[in-house]
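A.B. asks: What follows is the residue order along each chain.
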Amino acid sequence: MNQLNLSISSSEKAKFRAVGAAAHTAVWIVIGLVLIDIAINVVLAYPSDPKVTNPSQLRLYFEYGRSTEGQLARMTRPDRSQTAPITLPGWYDTLEITEFPEKSSNSIVTIYGMSHAVRLGHALERTSLRLTPRIVGAPGAPTNWSYGAFLRDRGGGKSRAVVLAIMSYSLPMITTLSAATWSFDLPMPYTMDRFYVRNGQLEVVHPPFTSFEGYVAAFNDPAEWSKVRSEFAQHDTMYNSFIMRANMFDHSSLFRLIRRAYAQRYMRAIRKGILDGSGFRAESEQIQVARAIIRDFAKEARRDGIIPVVFVVNNFGYSDNLYRALEPVLKEDNIPYVSSHTVASPDDPRGYLPDSHFTDEVDDRLAKELERVILEAAR
Amino acid sequence: MLFNSPEFVVFFLLVYCLYLGLSFRLQNYMLLVVSYIFYGWWDARFLFLVALSTTIDFWVGLMIENGRLQLRQWLMPAAFFVLSAVIFLGLDWTGLPALGSGYPDLGRLLNIRMLALSLAGSVAFVVLISAVFSTLSRMKDEGRRRFRCLLVSLITQLGLLAVFKYFNFFVDSLSAALAGVGIESSPLHLNIVLPVGISFYTFQSLSYTIDIYRRQFKPTDRFSDFALFVAYFPQLQAGPIERGRHIIPQLARPRTLTIEQTSRGLYLIVLGFFKKVAIADGVSPVVDHIFGSSGRVTWIDVVAASALFAVQIYCDFSGYTDIARGISKMLGINMIVNFNQPYFATNPQDFWRRWHISLSTWLRDYLYVPLGGNQGGLAFICRNLMITMMLGGLWHGASWNFVLWGFYQGAALCVYRIWSEYRGKPAPVVGSELGLSAGHIVRRLLASAGFLIVVCYGWLLFRAHSFAQIVNFTSLLISDFGDLDYGGRAPRLSALFGMALLLAMEIVQYWKADPCFYQRFPVPIRGFLIAAMIAITLMGMSNEPAQFIYFQF
Numbered sequence: 001m002n003q004l005n006l007s008i009s010s011s012e013k014a015k016f017r018a019v020g021a022a023a024h025t026a027v028w029i030v031i032g033l034v035l036i037d038i039a040i041n042v043v044l045a046y047p048s049d050p051k052v053t054n055p056s057q058l059r060l061y062f063e064y065g066r067s068t069e070g071q072l073a074r075m076t077r078p079d080r081s082q083t084a085p086i087t088l089p090g091w092y093d094t095l096e097i098t099e100f101p102e103k104s105s106n107s108i109v110t111i112y113g114m115s116h117a118v119r120l121g122h123a124l125e126r127t128s129l130r131l132t133p134r135i136v137g138a139p140g141a142p143t144n145w146s147y148g149a150f151l152r153d154r155g156g157g158k159s160r161a162v163v164l165a166i167m168s169y170s171l172p173m174i175t176t177l178s179a180a181t182w183s184f185d186l187p188m189p190y191t192m193d194r195f196y197v198r199n200g201q202l203e204v205v206h207p208p209f210t211s212f213e214g215y216v217a218a219f220n221d222p223a224e225w226s227k228v229r230s231e232f233a234q235h236d237t238m239y240n241s242f243i244m245r246a247n248m249f250d251h252s253s254l255f256r257l258i259r260r261a262y263a264q265r266y267m268r269a270i271r272k273g274i275l276d277g278s279g280f281r282a283e284s285e286q287i288q289v290a291r292a293i294i295r296d297f298a299k300e301a302r303r304d305g306i307i308p309v310v311f312v313v314n315n316f317g318y319s320d321n322l323y324r325a326l327e328p329v330l331k332e333d334n335i336p337y338v339s340s341h342t343v344a345s346p347d348d349p350r351g352y353l354p355d356s357h358f359t360d361e362v363d364d365r366l367a368k369e370l371e372r373v374i375l376e377a378a379r
Numbered sequence: 001m002l003f004n005s006p007e008f009v010v011f012f013l014l015v016y017c018l019y020l021g022l023s024f025r026l027q028n029y030m031l032l033v034v035s036y037i038f039y040g041w042w043d044a045r046f047l048f049l050v051a052l053s054t055t056i057d058f059w060v061g062l063m064i065e066n067g068r069l070q071l072r073q074w075l076m077p078a079a080f081f082v083l084s085a086v087i088f089l090g091l092d093w094t095g096l097p098a099l100g101s102g103y104p105d106l107g108r109l110l111n112i113r114m115l116a117l118s119l120a121g122s123v124a125f126v127v128l129i130s131a132v133f134s135t136l137s138r139m140k141d142e143g144r145r146r147f148r149c150l151l152v153s154l155i156t157q158l159g160l161l162a163v164f165k166y167f168n169f170f171v172d173s174l175s176a177a178l179a180g181v182g183i184e185s186s187p188l189h190l191n192i193v194l195p196v197g198i199s200f201y202t203f204q205s206l207s208y209t210i211d212i213y214r215r216q217f218k219p220t221d222r223f224s225d226f227a228l229f230v231a232y233f234p235q236l237q238a239g240p241i242e243r244g245r246h247i248i249p250q251l252a253r254p255r256t257l258t259i260e261q262t263s264r265g266l267y268l269i270v271l272g273f274f275k276k277v278a279i280a281d282g283v284s285p286v287v288d289h290i291f292g293s294s295g296r297v298t299w300i301d302v303v304a305a306s307a308l309f310a311v312q313i314y315c316d317f318s319g320y321t322d323i324a325r326g327i328s329k330m331l332g333i334n335m336i337v338n339f340n341q342p343y344f345a346t347n348p349q350d351f352w353r354r355w356h357i358s359l360s361t362w363l364r365d366y367l368y369v370p371l372g373g374n375q376g377g378l379a380f381i382c383r384n385l386m387i388t389m390m391l392g393g394l395w396h397g398a399s400w401n402f403v404l405w406g407f408y409q410g411a412a413l414c415v416y417r418i419w420s421e422y423r424g425k426p427a428p429v430v431g432s433e434l435g436l437s438a439g440h441i442v443r444r445l446l447a448s449a450g451f452l453i454v455v456c457y458g459w460l461l462f463r464a465h466s467f468a469q470i471v472n473f474t475s476l477l478i479s480d481f482g483d484l485d486y487g488g489r490a491p492r493l494s495a496l497f498g499m500a501l502l503l504a505m506e507i508v509q510y511w512k513a514d515p516c517f518y519q520r521f522p523v524p525i526r527g528f529l530i531a532a533m534i535a536i537t538l539m540g541m542s543n544e545p546a547q548f549i550y551f552q553f
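Each protein sequence line maps, in turn, to chains B and C. Residue 299 in my numbering is what sits at position 299 of the first sequence, and the numbering runs on without skipping anything. Residue 528 in my numbering is what sits at position 528 of the second sequence, and the numbering runs on without skipping anything.
The shape of chain B in the complex, shown without the other chains:
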């Protein structure tokens, strides 16, 4: 055998050394990532007590990317007194209603919607001498939730006017079945009616459960929960199994960061599919459903002899795009409305608080505008 064949040339040795050094570094990068992952999980462990809702900014930050099911499992307890507070609001069965002492007979105005609508109700209580607010709200509630709440409540049978809130930020959620599919950073399990526009008519699909107890029963039964997921996948345009399903990667803080980035990208992509540079796309399902809900809401309210009012919330940075998208149906059906862009410019941050709500001053002006619109419609 040739001696040369047995030896390795010096250049090959150098090559092997280089490959070895690179592999050595790669191994230490992996070890480093694992150590960082463990360190975050240990130092910034999220409290297991569901009642602790705001442990610290850093703990929340590294928790956000946990799967929706993973977060719901941590938050949910069968007992209302032990479960996380965020799991309790928003259920149709039974609706949470805030009432105030009546100011004069036949003056109640029921407002359905998200926190902006709730704040409008409180502003109406502050500013109006004649109108008494009655508030039916849920955190972040999209308009399909609000319309579903209206259909179940119909102004409590004693309202002079009913107000349906619709918001530019949450417009993409109008075709969803549960807040759990889009409130990714802090999932809320409440559900809502899903509306479809078929042959110009509004059709409804009811959610698989409408109460906290129904949710707990379904969530704790794997077979039942699997059916719920299938319904979400079928009817909820924001459902995404990668975001929803719990798996072993929930235990990795770095993987949670990846899932969070994915979820945000996913939400942005859906938003961009509906809203482009020129405004909301009129042909999108969300705008079609929004217009049909508004039309049916007005029809149903008028059938009950109640004044329907639409409250259009134009969020900061969204211009008056939502108002422009809804304007045709508001004008065509002569539906009274209050659009926030007439009171506070959606391009001027001074009208907004850092948490995206309107300032108290703007809320008061909106309430006065609401009073004017209702009194004018009552004439």
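The reader is advised that the hints may include incorrect statements.
In silico DSBU-like cross-links for lysine-lysine, where the CA-CA straight-line distance does not exceed 35 Å [said to hold, decoys possible]:
| # | chain 1 | residue 1 | chain 2 | residue 2 |
| --- | --- | --- | --- | --- |
| 1 | B | Lys158 | B | Lys103 |
| 2 | B | Lys227 | B | Lys272 |
| 3 | C | Lys218 | B | Lys13 |
| 4 | B | Lys15 | C | Lys512 |
| 5 | B | Lys299 | B | Lys368 |
| 6 | B | Lys13 | B | Lys158 |
Hints in this document: simulated from the structure, not taken from any laboratory.
Once you've looked at the hints, dock chain C against the given chain B.
C.D. replies: Positioned in the frame of chain B, the structure of chain C alone reads:
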């Protein structure tokens, strides 16, 4: 296609796997095709401009050197140009659906009228330019012929810039000037989008013909190599502005891929993403909020916005360059260093030797030196500096605030030049950190910190959206001094962690005077450093991905 998009990750993995399996010539052809796909992902129509730049300057290079074109040298580019016109202008690319969303609308894609027009127009252009070259080839005086050939390149490249980048700016400025003397006019506007990277590839292509004109470089007669030099995807959209003499020889010979080069390339890619995704995108909302605010702004808001914009633009642009250089290294092609710790500069001259080096050396070689450079009296040198820097400012964008920024940088260079002359001290040389004592380095760091204030004010001029905002913010800096009522947002967590780690890394790099400083670390520490960058980048992935700032230039 953005580097910081999932599509690019898939794109590069495919390209890299293909690259490893191909022979050297096929590698070049493949790189050329994928470079066009990379650019066309944004807008395929503007690939025609890349093809135009490429064809003209390939011919010009050969015409300057040889005075004539061989049939092969004429035919291939001519066919390429006509084909490009037909494909990029003749087809209606809006007929193509988004990836995976259905079948193309062939009726819209194949617009017969546009196809015929682009075919006829491109053939006519080839005939015209061939006639020009034919006339030039008959010129007896070589010097004049060479110069006129160069003029063809200058007119084409600068013409493209003038039309696509500066036309509206010039007519608006003229209209405003006329209005100033009481003459009202309604200027013509071109309704066109600024083609991404046009300032980069036109300057790169120009450097090739000027170098040949100056006899500093021989032209390549292989068209595919030259086309790849112009369109090479890692640097096509935002540089570095390469030189033909640096890149073309690397394209003309087989590349050897070594594990060291691949490792270094991967490190640069990780570093680039860390700077861009974790830091630049993490501070961008703070900067945008303050510069976009229509409400009350305080002294601390302006200071914070300017300082954070300094961080943003450095991490954004040098991050892009790091990724581009890293990708290129993995392909076995070395690109020039574009940044050398610019915020450690102690004076304006030092800054411009460290910031956007490929542009500053381009301006030095092709503008400052031809203007007279350092020859002549102090006033003459200052004139040259001012012209160079103001045109350099204008290169960044068709807006007066960029000109003002250039003026500011030019003035700073002049002041420093005059001061240096007065003191009789030579300007410090880049890299002179080597061998300095700790005390000396601390003194220099303090000097850098002082000069950073000058730089940050420059970035205020650069970032402001109007002249009125510059005046407003500048007056706030003076009249509102010390008002610490901060109304801005906080940077994202990834940016806070990222800035701390980057600062530590930059100080060590400065101390060691070695961009590969991390290689001196023990392997576990090196591994942990890279792991920390990856972890912070993962944190930054939740930030809204923003386009690279320099794409708009």
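A.B. asks: Which hints from the list above does the structure break, by number from lowest to highest?
C.D. replies: 3, 6
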